[in-house]
Amino acid sequence: AQSVTQLGSHVSVSEGALVLLRCNYSSSVPPYLFWYVQYPNQGLQLLLKYTSAATLVKGINGFEAEFKKSETSFHLTKPSAHMSDAAEYFCAVSPTGGGNKLTFGTGTQLKVEL
Amino acid sequence: DAMVIQNPRYQVTQFGKPVTLSCSQTLNHNVMYWYQQKSSQAPKLLFHYYDKDFNNEADTPDNFQSRRPNTSFCFLDIRSPGLGDAAMYLCATSQGQEQETQYFGPGTRLLVL
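Chains as they are written, first to last, in our numbering: chain A, 960 to 1073; chain B, 207 to 319.
These aren't lab readings, by the way, just hints derived from the structure by calculation. Careful, some of the hints might be misleading.
[Said to hold, decoys possible] As a list, the in silico DMTMM-like pairs of lysine to aspartate or glutamate whose alpha-carbon atoms are at most 20 Å apart: (1) A:Lys1070 x A:Glu1047; (2) A:Lys1060 x A:Glu974; (3) B:Lys223 x B:Asp268; (4) A:Lys1017 x B:Glu306; (5) A:Lys1070 x A:Asp1044; (6) A:Lys1070 x B:Asp265; (7) A:Lys1027 x B:Asp259; (8) A:Lys1027 x B:Asp265; (9) A:Lys1070 x B:Glu263; (10) B:Lys258 x B:Asp283; (11) B:Lys258 x B:Glu304; (12) B:Lys244 x B:Asp259; (13) B:Lys244 x A:Glu974; (14) B:Lys223 x B:Asp291; (15) B:Lys250 x B:Asp283; (16) A:Lys1060 x B:Asp257; (17) A:Lys1017 x A:Glu1047; (18) A:Lys1060 x B:Asp265; (19) B:Lys250 x A:Glu1047.
The structure presented is a predicted model; accordingly, all values stated were derived computationally and were not measured.
The shape of chain A in the complex, shown without the other chains:
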């Protein structure tokens, strides 16, 4: 079964600093990969997704992620953190040829400090 691992359940950065949230996937073939953000007491919102069209994917709110097959990674980055980026971030995987079911990682809580 495919899965994703998010390293670091909590990440803290200063406002204006680089944001790096890590996600590694486990799959025999490259899957579809997603990053979602969840603000407190709200549903999940898609930030970006990898569907094999391009390895560097740009998303909303200045986030981007790079698919690296050799490292089985799909890390999320943002050059400059903003206070409004404080939220929980989930990496998710969906198998190719297996419908559209998502399996989520355990999430990373991002804290942005002044």
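We have chain A; now place chain B onto it with these hints.
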């Protein structure tokens, strides 16, 4: 705006008392999903409907049922809620094909007393 709506946002029920959570969508998507998200955990897929076809996850307890009377609505029924069923329940929709984005509602937080 097209969206996924969940009612109520907060639901309190008693141990063993049946409860129904509702989800509606204006996106006209053919797939609807129900996820359970316990505190500080990842969302976990319970089941989904592809049009009228119901697909249950292997580890979803029998206590959880679902109905989809039409394209727009989907219900989650918990027949006899236990304390362990307290969670956020998220509804999502998609067009169903691979790689299609799932659109989530705001969730219903269930409290079991």
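Tested hints:
1. A:Lys1070 x A:Glu1047: holds, 9 Å
2. A:Lys1060 x A:Glu974: This hinted pair is violated, its Cα atoms lying about 35 Å apart.
3. B:Lys223 x B:Asp268: Holds, at about 15 Å.
4. A:Lys1017 x B:Glu306: Since the Cα atoms of A:Lys1017 and B:Glu306 sit roughly 16 Å apart, the hinted pair holds (cutoff 20 Å).
5. A:Lys1070 x A:Asp1044: Distance of about 8 Å is within 20 Å: holds.
6. A:Lys1070 x B:Asp265: It is violated: about 33 Å lies between the C-alpha atoms, which goes past 20 Å.
7. A:Lys1027 x B:Asp259: violated, 36 Å
8. A:Lys1027 x B:Asp265: violated, 32 Å
9. A:Lys1070 x B:Glu263: violated, 34 Å
10. B:Lys258 x B:Asp283: holds, 17 Å
11. B:Lys258 x B:Glu304: It holds: about 18 Å lies between the C-alpha atoms, which stays within 20 Å.
12. B:Lys244 x B:Asp259: Given that 20 Å is the threshold and the Cα spacing comes to 27 Å, the pair is violated.
13. B:Lys244 x A:Glu974: Violated, at about 30 Å.
14. B:Lys223 x B:Asp291: This hinted pair holds, its Cα atoms lying about 12 Å apart.
15. B:Lys250 x B:Asp283: holds, 16 Å
16. A:Lys1060 x B:Asp257: Given pair A:Lys1060, B:Asp257 holds - Cα atoms ~15 Å apart, limit 20 Å.
17. A:Lys1017 x A:Glu1047: Measuring from Cα to Cα gives roughly 19 Å; hence the hint holds.
18. A:Lys1060 x B:Asp265: holds, 15 Å
19. B:Lys250 x A:Glu1047: holds, 16 Å
When each numbered hint is compared with the structure, violations occur for hints 2, 6, 7, 8, 9, 12, 13.
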